[in-house]
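Please model the complete structure; the sequences and the hints are all you need to start from.
Protein sequence lines correspond, in order, to chains A and B.
Residue numbers for the first sequence follow this note's numbering, beginning at 1 and rising by one.
Residue numbers for the second sequence follow this note's numbering, beginning at 1 and rising by one.
In case anyone wonders, no lab produced these hints; they're calculated from the structure.
Where is the CB? At the ideal position from N, CA and C, for every residue including glycine.
One thing to keep in mind: the hints can contain errors.
Claimed, not checked - Computed footprint of chain A on chain B; a stretch qualifies when at least three of its residues, placed anywhere within it, have a C-beta under 8 Å from a C-beta of chain A:
id, region
1, 73-87
2, 224-238
What the hints assert, rightly or not - Straight-line alpha carbon distances no greater than 35 Å define the calculated DSBU-like cross-link-like pairs of lysine-lysine that follow:
id, chain 1, residue 1, chain 2, residue 2
3, A, Lys3, B, Lys32
4, A, Lys15, B, Lys137
5, A, Lys15, A, Lys3
6, A, Lys3, B, Lys137
7, A, Lys17, A, Lys3
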Amino acid sequence: MKKIEARITEVLSGKFKVTPSAIDPGATFANLNFDSLATIQLALGLEEEFGVIIEDGELSSLMTVGDAAALIADLIAAGKAAAGKAAAGKAAT
Amino acid sequence: MPGGGKRAGGGGACEVAITGLGLVTPAGIGVKENWDRVQSGVSCATTDEALREAPVGFSCRVPGFDAEALLGGLLSWQLERFVQLAVVAARQALEDSGLEQGTWDGTRVGVVFGNSLGGSSSVEREHLALLDGGPRKVSPLMIPMHLVNMVAGYVAIDIGAQGPSLVTAAACASGTMAVGIGRDLLRAGSCDVVVAGGTESALTPLLIAGFSRMGVLSRRAGDPGAASRPFDAGRDGFVAAEGAGVLVLERTEDAVARGARVRGVVRGYGCATDAYHVSTPEPDGQGLERALRAALADAGLGARDVDHVNAHGTSTRVNDLTEGRVLHRVLGDRPLVTSTKGVTGHPLAAAGAIEAAYTVLALEHQAVPPTANLMNLDPGVEINVVAGAPASAPIEVAVTTSMGFGGHNAALVLSAA
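This is the structure:
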């Protein structure tokens, strides 16, 4: 989880130009001045970074960096589980 | 003003003063930087890496414009460059005027900006995203970044202006119209302050290809610095540029009452349309002539009162010949004419506002900048174009003209305070 938080911080400070000192796991994206449109843009940036699909509404400006890390961890795990199932299914056929 | 003979107002309507200037152009970021560069007569055109795949690979960009440093991290990616340039120029102009958000009634502050091409680069970028990843990869910011009106919308947000706001979209006449319409809002009593300007940043390979296909760009790739040469016999097209210019307008009586420094006065404004062709000016320049005569009549002044003209002078074959003939026909050969586009290139919808600001500076300094690269005046142009070095002369009244695709023509008559 800490690794995911660190990568989110990197995306925020790199691609989205947020001052690194303002970012901590308890900061909401609204605290970082992300409105609803900017938060959707952030979701696109995080999709690219983590190779996941964040459905509309899954990431909100009221979430913290920590919340986003948990969401992404879940999506990565779900993706791995789905990939595992698919692989198992393929093997069985 | 000595003699006072040129101070008669137009129709008894209230006079409108210019109390602040802001300039972010290829000639520099800041009013002093701009004036020094246009007075030097040295062109800003240079090879443009971003246009290496475009049919014309040079342009005039704002040098050293660091949006992150000037506007902060978030605005560096949430605003398109044409809005960023305008916000920085508007902040300069307001600071120059001595007006400040929080010290005014925001509901009485208006914003009028000229723009034409909006955030074209966001559309180009997101079109690639659509082709690459489908609709859900398209940025939710594309629409607000693209809309031409967003420059008025965002400048209003930035300065807390809650009065009338709009964008004038009249191609290369947009900036001049913004100043004229801003003046009219003040005369009508619709608000007490207008932040009026023009902005453009559309130096993308697609747009340059489009302009190139129209045959309006200079092809002097071997010597970009000599490419923008208004009124010169050897001119072959304009050099595309970006930039923003802003003027703060107030009724003169209000400006004087608050002890503001009046930098200039908007004496007259006129506009007219060719109704002829989408890109070629009417060959006799009748539209421009009507706009110019309307501006003079609005000012209550005659042709002989005009000492200086900051011409549209784009450096295309057709524009300069048509405009030169109109200026000669209406004003004769007495006024000192310049085209500062020799230095700045052609900043399209921003041109009129930038050049109105340069005209105010010419009135203040009693000096006319030289037209860069003018070596041999086109024999078809019988006007007094300043070349080589700045010309010092008494300047009481000055005119600035603009012509835009679509047949839009506009003229402003300005005078010193």
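Hint-by-hint comparison with the structure:
With a threshold of 8 Å between beta carbons, the proposed coverage of the region 73-87 of chain B by chain A holds, since 5 of its residues qualify and at least three are required. Residues of the region 224-238 of chain B with a Cβ under 8 Å from some Cβ of chain A number 0, which does not satisfy the need for three, so the listed coverage is violated. The suggested pairing of lysine 3(A) with lysine 32(B) is violated, with an alpha-carbon distance near 50 Å, which exceeds 35 Å. For the hint pairing lysine 15(A) with lysine 137(B), the CA-to-CA distance comes to about 16 Å; that is within 35 Å, so the pair holds.
With a C-alpha separation of about 18 Å, the suggested pair lysine 15(A) and lysine 3(A) falls inside the 35 Å cut-off, and the hint holds. A threshold of 35 Å between alpha carbons decides the hint, and for lysine 3(A) with lysine 137(B) the separation of about 25 Å falls inside it, so the pair holds. Between the alpha carbons of lysine 17(A) and lysine 3(A) the distance comes to roughly 20 Å, so the proposed pair stays at or under 35 Å and holds.
In terms of the numbered hints stated before, the structure departs from hints 2 and 3, listed from lowest to highest.
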